[in-house]
Amino acid sequence: MSLTNETIKERLKAKFGDEVSNFEEPYGLLTFEAPKDLNLKVMQFLFDDEELRFQFLTDLTAVHYPGQPGRELAVVYHLHNLQDNIRLRFKVFSPIAQPDVFTATQLYASANWMERETYDFFGVNFVGHPNLKRILNVDEMTYFPMRKEYPLEDQTRIDKDDAMFGRGPGGIVSPIDARAGESVAGQAGPLNTADQGGPASQEMRAGQGADEVKPQ
Amino acid sequence: MSVEQHIKLPEGSIEKTTTTLNLGPTHPATHGVFQNILELDGERIVSAEQTVGYIHRAFEKLAERRPLYQITTLTDRLNYCSSPINNMGWHLTCEKLLGVKTPKRVDYLRVIIMELSRISDHLICNSVVGVDSGAFTGFLYVMQYRELIYEIYEEVCGSRLTTNMGRIGGFERNFTNAAWEKIEKFLAEYPVVQKEFENLFTRNRIFMERTIGAGPISAERALNYGFTGPNLRAAGVDYDVRVHSPYSSYEDFEFEIPVGSTGDCYDRFLVRNGEMWQSLRIIEQAYRKIQEFKGTEADVYHADAPAYYLPEKKDVYTKMEALIWHFKIVMGETEIPPGEVYQSVEGGNGEVGYYLISDGGRTPYRLHFRRPCFIYYQAYSELTKGSMLSDAIITMSSLNLIAGEMDA
Chain A
1 MSLTNETIKE
11 RLKAKFGDEV
21 SNFEEPYGLL
31 TFEAPKDLNL
41 KVMQFLFDDE
51 ELRFQFLTDL
61 TAVHYPGQPG
71 RELAVVYHLH
81 NLQDNIRLRF
91 KVFSPIAQPD
101 VFTATQLYAS
111 ANWMERETYD
121 FFGVNFVGHP
131 NLKRILNVDE
141 MTYFPMRKEY
151 PLEDQTRIDK
161 DDAMFGRGPG
171 GIVSPIDARA
181 GESVAGQAGP
191 LNTADQGGPA
201 SQEMRAGQGA
211 DEVKPQ
Chain B
217 MSVEQHIKLP
227 EGSIEKTTTT
237 LNLGPTHPAT
247 HGVFQNILEL
257 DGERIVSAEQ
267 TVGYIHRAFE
277 KLAERRPLYQ
287 ITTLTDRLNY
297 CSSPINNMGW
307 HLTCEKLLGV
317 KTPKRVDYLR
327 VIIMELSRIS
337 DHLICNSVVG
347 VDSGAFTGFL
357 YVMQYRELIY
367 EIYEEVCGSR
377 LTTNMGRIGG
387 FERNFTNAAW
397 EKIEKFLAEY
407 PVVQKEFENL
417 FTRNRIFMER
427 TIGAGPISAE
437 RALNYGFTGP
447 NLRAAGVDYD
457 VRVHSPYSSY
467 EDFEFEIPVG
477 STGDCYDRFL
487 VRNGEMWQSL
497 RIIEQAYRKI
507 QEFKGTEADV
517 YHADAPAYYL
527 PEKKDVYTKM
537 EALIWHFKIV
547 MGETEIPPGE
557 VYQSVEGGNG
567 EVGYYLISDG
577 GRTPYRLHFR
587 RPCFIYYQAY
597 SELTKGSMLS
607 DAIITMSSLN
617 LIAGEMDA
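For the record, the sequence lines run as chains A and B. Residue 109 in this note's numbering sits at position 109 of the first sequence; the count goes up by one each step and never skips. Residue 585 in this note's numbering sits at position 369 of the second sequence; the count goes up by one each step and never skips.
Note that these hints are calculated values from the structure, not bench results. You may find that some hints are simply not true.
[As the list claims (entries may be wrong)] Example chain A residues on the side facing chain B (calculated, C-beta under 10 Å, incomplete): (1) V20; (2) F23; (3) Y27; (4) E33; (5) P35; (6) L38; (7) L40; (8) V63; (9) T103; (10) S110; (11) W113; (12) E117; (13) R134; (14) K148; (15) P151.
[Claimed, not checked] Sample of chain A residues with no beta-carbon within 12 Å of chain B, all distances over it, derived: (16) E10; (17) E24; (18) G28; (19) A62; (20) H64; (21) Y65; (22) G67; (23) R87; (24) K91; (25) A111; (26) N112; (27) T118; (28) V127; (29) D139.
[Said to hold, decoys possible] Straight-line C-alpha distance at most 30 Å; calculated BS3-like pairs for lysine-lysine: (30) K277/B - K91/A; (31) K312/B - K601/B; (32) K529/B - K510/B; (33) K9/A - K312/B; (34) K601/B - K133/A; (35) K510/B - K148/A; (36) K133/A - K277/B; (37) K148/A - K544/B; (38) K232/B - K133/A.
Owing to the predicted nature of the structure, the values given are computational and were not obtained by experimental measurement. Ideal Cβ positions, reconstructed from N, Cα and C, are used throughout, including at glycine.
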């Protein structure tokens, strides 16, 4: 009575027809896609079906694909059938302009915080979630930091006063010098030359007067 | 100035019969930076609301700009009581994506390290449960053997807490003789200590009365809440990643999965103790298996993966190809094949999963960590509702909540 990827696929096809699509098996893990309006129906079916019994939610997260208009946000569920020990991965895509996806909290209590985390980082609006608010980031945050339009801060930016952390306006300084209130502009360190050129850095550099950064 | 001006009670505060208590974010009993807002009626908990995120460090975002080998250091800082398990889990994820096949000896070396970390993780958790119930002795006593485990790490990789151990494909160097001697010492001495530790607690009346019935959960609720690891097994579900989806040749070993029935603090304690014995059993088997390797096989400590495993330094200085690989690896200039992979390992407190998506670039397109205690900490308010404040403390320590893992 061991369950195989083939059987799961057939059962899903029989129930949902062409609505479920893009079946793949990367590294042996059955992966498929469903329309976002059907996510709960598909999960309910996988949960309740006597043969499938995917009653354990292993993981829930999202991925941002800015290059796919109308399908920018993918919500990814990893489900596990513990009796037959088989896993599957299931995705729904949502436009970033209106990222509404139904919540899975009614089926899995564990989805609660995982959805809050996904909302916190990607802004997926889980419709029907009992307490959809930020969980790891501060409540005052106004953006969703894991989206691709927010690059990491450029390590070599020079407009920030970070003297306490060894970086002052003009490059690397030792905290002792900074505390002594000495001029630090002449001590531009090697970090300045190793520019990695993130978009943020160029902006910052463009906005800076030439007289602020003294040449070495 | 009259007295009335000083005492200003907020509206409705006279009518309020419950007390709000902030347990954490920095409280000696929380063993980590997280907060519980408790609503108390006398000493009984009416409701609890958990706040996490105080040490969030955006690892998933950082990982998107790092080559694979630099992400190992991020995994250290998830569950820092058993960092080597996270390290190995990450290497296994990369190896799965890259299609690197590790030799058996590497697998067994990894198993030794992972089981040692499991012991050190459980050791801390169980002895801290003791501390929170008023018994400090056990905690100080077993610290000595956690120290020995850390010395073994030190011999293997040079560091103790945040280990950054191993490479994609194996270890950075073979285990030294000193490392083997320490492992032998551990295998010889630790069982006695573990037995003594159990004698201190298992049938101790005070300990039993404090832990039996504290913070229980049924198997059904535990599964619904996404429990994994010892906490799920204490509720009676024999799910263990080492058995269900074997990695690193765990299928070659003979061991049992201890299970509990009530899912309370006492059962969690017993399950962890049982697991430590099983871990010892696994280490002994792995040690014997490694002794059996003969000839060149006995010196293998990494897979043949030139594109990801740093060549030996002497080759870098003398051979062109090794120099090129060295440069490309260190500068993070190796392209990762596109793919999507989920790999999980049995961590100290549950299933640690890595969901890695590569688009063919040099860094992951997306990396998500499945952090077990982030998922099961949600159940805390349900576990403690109606219990005494002191039970809530002991439940918290017996769940083995690690702030670093929770906040990623």
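Against the structure, the hints come out as follows:
Restraint check, V20/A versus chain B: the minimum CB separation of about 18 Å is more than 10 Å; hint violated. The interface hint given for F23/A is violated, since its Cβ lies 14 Å from the closest Cβ of chain B, which is over the 10 Å cut-off. With a least beta-carbon distance of about 5 Å to chain B, the hint placing Y27/A at the interface is held under the 10 Å criterion. Because the closest C-beta pair between E33/A and chain B is about 12 Å apart, greater than 10 Å, the hint is violated.
Annotation: interface hint on P35/A violated; nearest CB of chain B at approximately 20 Å, more than 10 Å. At its closest, the beta carbon of L38/A sits 22 Å from a beta carbon of chain B; the interface hint therefore is violated under the 10 Å criterion. For L40/A, the suggested interface contact is broken, since its CB lies about 16 Å from the closest CB of chain B, more than 10 Å. Because the beta carbon of V63/A sits about 5 Å from the nearest beta carbon in chain B, less than 10 Å, this interface hint is met.
Below 10 Å, beta-carbon pairs count as interface contacts, and T103/A has none with chain B, the closest being about 14 Å; its hint is therefore violated. Taking 10 Å as the C-beta cut-off, the interface hint given for S110/A holds, the closest approach to chain B being about 3 Å. Taking 10 Å as the C-beta contact cut-off toward chain B, the hint placing W113/A at the interface holds, the least distance being around 5 Å. This hint holds: E117/A has a C-beta 8 Å from the nearest C-beta of chain B, less than the 10 Å allowed.
Because the closest C-beta pair between R134/A and chain B is about 8 Å apart, less than 10 Å, the hint holds. Satisfaction of the interface hint for K148/A is found here, the shortest Cβ-Cβ separation to chain B being roughly 9 Å, below the 10 Å cut-off. Checking P151/A against chain B: minimum C-beta separation of about 8 Å stays under 10 Å; hint holds. No beta-carbon of chain B comes within 12 Å of the beta-carbon of E10/A; the shortest separation is about 23 Å.
Listed as a non-interface residue, E24/A fails to keep its Cβ farther than 12 Å from every Cβ of chain B; the least gap is roughly 9 Å. With a cut of 12 Å on Cβ distances, G28/A falls inside the contact zone with chain B, its closest approach being about 10 Å. Distance to chain B contradicts A62/A as a non-interface residue, since its nearest Cβ pair spans about 9 Å, not more than 12 Å. Once the 12 Å rule is applied to beta carbons, H64/A is inconsistent with being away from chain B; the minimum gap is 8 Å.
Against chain B, the non-interface label of Y65/A is violated: not every CB pair exceeds 12 Å, the least being about 9 Å. Taking the minimum C-beta to C-beta distance to chain B, about 10 Å, the non-interface status of G67/A is violated against the 12 Å cut. A Cβ of chain B approaches the Cβ of R87/A within 12 Å, the least distance being about 8 Å, so the stated non-interface status is violated. At roughly 10 Å from the closest C-beta of chain B, the C-beta of K91/A falls inside 12 Å, breaking its exclusion from the interface.
Look at A111/A: its CB is around 8 Å from the nearest CB on chain B, not clear of 12 Å, so calling it non-interface is violated. A Cβ of chain B approaches the Cβ of N112/A within 12 Å, the least distance being about 6 Å, so the stated non-interface status is violated. Some Cβ of chain B comes within 12 Å of the Cβ of T118/A; the nearest lies about 10 Å off, and the non-interface call is violated. In this structure V127/A is separated from chain B by more than 12 Å, as the shortest Cβ-Cβ distance comes to about 20 Å.
Taking the minimum C-beta to C-beta distance to chain B, about 10 Å, the non-interface status of D139/A is violated against the 12 Å cut. Taking the CA atoms of K277/B and K91/A, the gap is about 21 Å. The hint holds against a cut of 30 Å. Among the hinted pairs, K312/B with K601/B is inconsistent with the structure: their alpha-carbon atoms are about 43 Å apart, more than 30 Å. Distance hint between K529/B and K510/B is fulfilled; the C-alpha atoms sit about 26 Å from each other, no more than 30 Å.
A distance of roughly 24 Å separates the Cα atoms of K9/A and K312/B; the hinted pair therefore holds under the 30 Å criterion. For the hint pairing K601/B with K133/A, the CA-to-CA distance comes to about 22 Å; that is within 30 Å, so the pair holds. For the proposed pair K510/B and K148/A, the alpha carbon gap of about 51 Å is over 30 Å, so the pair is violated. Pair hint K133/A plus K277/B holds up; C-alpha atoms about 20 Å apart against a cutoff of 30 Å.
Simply put, K148/A and K544/B have alpha-carbon atoms about 26 Å apart, close enough for the 30 Å limit, and the pair holds. Proximity of K232/B to K133/A is assessed by CA-CA distance (about 27 Å); at most 30 Å being required, the pair is judged to hold.
Violation of the numbered hints given earlier is confined to hints 1, 2, 4, 5, 6, 7, 9, 17, 18, 19, 20, 21, 22, 23, 24, 25, 26, 27, 29, 31, 35; the remaining hints are satisfied by the structure.
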